[in-house]
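Build out the structure end to end from the sequences listed, making use of the hints.
Chain by chain, the residues:
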Amino acid sequence: MTNDIARGPGVRLPWAGKIVNIEEVETQLSLLWKISADNMRTGQNVNVRTSVLNLVICAPDIESAQHASRVLRELSSTHLARVAILILDKSEEQPDGLWTWVTLRCFSMFSDLMRHCFEQTTVLATGSAIRAIGNIMQPLLKPDLPVYLWWLGDPPDIKDPTFNNLMEISNRVIFDSTGFFNPEQDIYTLAALPDAYPDAALSDLNWGRITPWLQLVAQFFDTPEYRPYLAGVNAIEIEHAVIPLMAQVRTEQGDVSPNPARALLLAGWLKTRLGWELAADTTGNHHDTAGGTYSWTMERSPRSTRLLTSPRSKAGKGNASISIRPQVQAEMRPGSICLVRLTSNIENKRATFTIRLAGDTEHVFTSVELGHEIRSKRLVSLTAVHNEGELLHNELEVLSHDSLFEQILREVAGLLEDSSLRSE
Amino acid sequence: MPQRSVVEAPNPLREGLRIKHSPEPCVMVIFGATGDLTHRKLLPALYNLALETPLPAGFSVVGFARRPYTDEQFREQALESINQYSRQKPVNPQVWESFAAGIHYLQSDFHSPAGYEKLNTLLNTLDHERGTGGNRIFYLSTPPSQYPEIIQNLGAAGLNKSRKGWTRIIIEKPFGHDLASARELNRQVAKVFREEQVYRIDHYLGKETVQNILVFRLANGIFEPVWNRRYVDHVQITVAENIGLEGRGAYYEESGAIRDMVQNHVLQLLTLVAMEPPIAFDANAVRDEKVKVLHALQPLVGQDVLAQTIRAQYGPGWVGGRQVPGYTEEPGVSPTSTTETYVALKVFIDSWRWAGVPFYLRTGKHLPKRVSEIAIQFKQAPLMLFKRSEAHGQVEPNVLTLRIQPDEGISLKFGAKVPGTEMQIRSVNMDFFYGSSFFREQPEAYERLLLDCMLGDSTLFTRRDEVEAAWAFIQGILDEWKNEPRETIATYESGSWGPQVADEFIWRDNRRWRRP
Chain A
1 MTNDIARGPG VRLPWAGKIV NIEEVETQLS LLWKISADNM RTGQNVNVRT
51 SVLNLVICAP DIESAQHASR VLRELSSTHL ARVAILILDK SEEQPDGLWT
101 WVTLRCFSMF SDLMRHCFEQ TTVLATGSAI RAIGNIMQPL LKPDLPVYLW
151 WLGDPPDIKD PTFNNLMEIS NRVIFDSTGF FNPEQDIYTL AALPDAYPDA
201 ALSDLNWGRI TPWLQLVAQF FDTPEYRPYL AGVNAIEIEH AVIPLMAQVR
251 TEQGDVSPNP ARALLLAGWL KTRLGWELAA DTTGNHHDTA GGTYSWTMER
301 SPRSTRLLTS PRSKAGKGNA SISIRPQVQA EMRPGSICLV RLTSNIENKR
351 ATFTIRLAGD TEHVFTSVEL GHEIRSKRLV SLTAVHNEGE LLHNELEVLS
401 HDSLFEQILR EVAGLLEDSS LRSE
Chain B
425 MPQRSVVEAP NPLREGLRIK HSPEPCVMVI FGATGDLTHR KLLPALYNLA
475 LETPLPAGFS VVGFARRPYT DEQFREQALE SINQYSRQKP VNPQVWESFA
525 AGIHYLQSDF HSPAGYEKLN TLLNTLDHER GTGGNRIFYL STPPSQYPEI
575 IQNLGAAGLN KSRKGWTRII IEKPFGHDLA SARELNRQVA KVFREEQVYR
625 IDHYLGKETV QNILVFRLAN GIFEPVWNRR YVDHVQITVA ENIGLEGRGA
675 YYEESGAIRD MVQNHVLQLL TLVAMEPPIA FDANAVRDEK VKVLHALQPL
725 VGQDVLAQTI RAQYGPGWVG GRQVPGYTEE PGVSPTSTTE TYVALKVFID
775 SWRWAGVPFY LRTGKHLPKR VSEIAIQFKQ APLMLFKRSE AHGQVEPNVL
825 TLRIQPDEGI SLKFGAKVPG TEMQIRSVNM DFFYGSSFFR EQPEAYERLL
875 LDCMLGDSTL FTRRDEVEAA WAFIQGILDE WKNEPRETIA TYESGSWGPQ
925 VADEFIWRDN RRWRRP
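So the sequences go chain by chain: A and B.
The first sequence lines up with residues 1 to 424 when you count with my numbering.
The second sequence lines up with residues 425 to 940 when you count with my numbering.
You can trust all of the hints, since none of them are fake.
Subject to a maximum C-alpha distance of 27 Å in a straight line, what follows is the list of computed BS3-like cross-link-like pairs (lysine-lysine):
#, chain 1, residue 1, chain 2, residue 2
1, B, LYS542, A, LYS377
2, B, LYS588, A, LYS349
3, B, LYS837, A, LYS34
4, A, LYS34, A, LYS18
5, B, LYS837, A, LYS142
6, B, LYS615, B, LYS588
7, A, LYS142, B, LYS841
8, B, LYS585, B, LYS615
9, B, LYS588, A, LYS377
10, B, LYS542, B, LYS585
11, A, LYS34, B, LYS841
The hints are simulated quantities; they were obtained by calculation from the structure and are not laboratory data.
Structure follows, in structure tokens:
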């Protein structure tokens, strides 16, 4: 196969470094380190080389690969050892081809005198080389280090052989559901991955985006006075931002609108934590994929919750509801959460816990109403992570399965399946 | 209002979340809030926790001190301090806004019961307005002489227990001046607070690298088998400062190096290195093992003290490129002072693991550099195969060094062949640096410790018996030193690694001090 693959500078990627033959990658990287060390002696910088992880970025095209390469600059606090950017050009007219570039990327850390450097190999594969990419990648990985696979774009079919090859060498695969063009179908695909590839953990950058919201919701019930109301929650409302257009659209930043992925994850989380099940009677359920509107009738069961240890808890059985709806927001990234509201009723005492955006993406109002009395209302900094590099950094810090996230995905898939939303 | 259960289950919404440890809402009352510690360490630490760790929105701080400030004035001072001392700058305005909303100030003398009544009222108001749930931390950031008064008044006002929620008290070092005063302070604390409410702080335990000692030992299978007398020749623990008194002459005269450093920081490092693996990684299991080490220390009494300890004072010299005066020339220091600024000790631990292995401990001021490290020197290979070659005499023993500060990390020295036709061996270092392996900035020690207290985790705090066992060991030395003539106090030039007698002290054992 090696002899059959086209070589040579058919494609120019100046940002990817020096074009080399793939067999020469290690030698060329060693040479780059040596040159860098010589520069260090003259420039009095200290180059720092780490050995903590391999990051493999799988991109569908050159543009997204270049974008990912830029994001790597923002990972200055992550201990990358080696990055491999794979561009899998599946255009039908492309012959079999394999091009490789190498570079050493160095960024100042803490001061100008010390630089963190990592090795970057970029591989452009076309034709049959794509199918063999897993094997082609093997010698490019630093041994004994975990492999994190960042898959750009929509998740592939589970049976996709290229994806399968890459998953076999990966310890973790990272997606970003904010860019999924078919969010419901794609979430369904994600939910199936843990069973299909049990050795690889799963991440979604969107889960990191909603983490501050989860934290704020959880904080309501840290207060002992409000804890009993958790068992009485009977309605969940979530609003997500959409741009003011009727049809589904992908924005310039790559976001899709509507994209209820974050809202669905948040709803799935609450459903799981509250121990709710879908009600047998589904006639009240509603979905509107195009508009990003959903509602489900749920069943609460005191046996399925562990919210109160007191046997005197009056939180009984009953119906509950989850509603997801869009909120037109021209200035916000589609999919952003705009409002979360939990309504509770215990012994005929009503309580409402609300978090809503306070006019910008950095602050929210949190409020608790007991009956008609507003008990506390606060402006809180959301401390949200929007920056893609930071979100990615957070996922690179996680070594094991995020069991909660994988469970939530299954819950969301269950909700969507019940709504008969999965495409055949 | 619905009935609450007697035992509150954990918040089920937190289960499985990847969010860093987030404590329950609480109020931290800082006694002595206008002092140096509060502004240099505590407020910046709390701010950084608010920035990086989701402190609950209702978290509140009450400064309790004598000076007549308003809430607003105290907040302004807090902002100034955070701007100056926080490891993350500039201050994030949104986070500050949210954080500052919970900062309050109460002016009172520490002996005034009315002040504690006002405090009680304020705390109840904060419970209602900010949802702090009856959870309180009282931080004693005052001179130790005021601890008993504050503790007693907290008890008298009923603030030592909450009707709902929990109450904890953090007590700064020094915890006592000697064994008797430490026991007395413990007794007074115990009259008002249960032991599980008490958090005695030694900020060294909050350092990432100190915590890493246990991780290094117990998370890796290869080190424990050689971590004993069969393979270890000796251990050196060095806590060196290049600074002098920094204006604390009056305090230091009463303290000296052995109270200021050895009784707490140095012995803490010793216990972490020498302890047996605990049966579980919980607060009491870990501290049980640390206390055992302290109890197993061979007491130093009588002539042993003279033979196994060195004390010295710094004389004039050069440190960090500038001339510095000698100790007795410092403000607040008596010209005839016998307070030691340098201590070296050789101690033994009577346990199966460590019998016969000397632990050399040293600490001092105005040494050439600021460095804290633990060096474990292993015994030489039992058979020197290379004695007929030029390698002989160049093979050094293996040394595992745990660097606490600066250049936090771990290194292992071992012998490697020099490339070439001859069998030449040189020692090389295999290094792990925190800074270049984990580029995340390390949190300050106080951040970790304050958060742990909020979370109710006392693993990194000192227990009552631990404090008393450490004092019991030190007391023997103090008692003997009182009887020794002044001539036994050596001097050393500022900027040197200590007195000549300290070198001779270790040379007698055919060993030498490391140059960190």
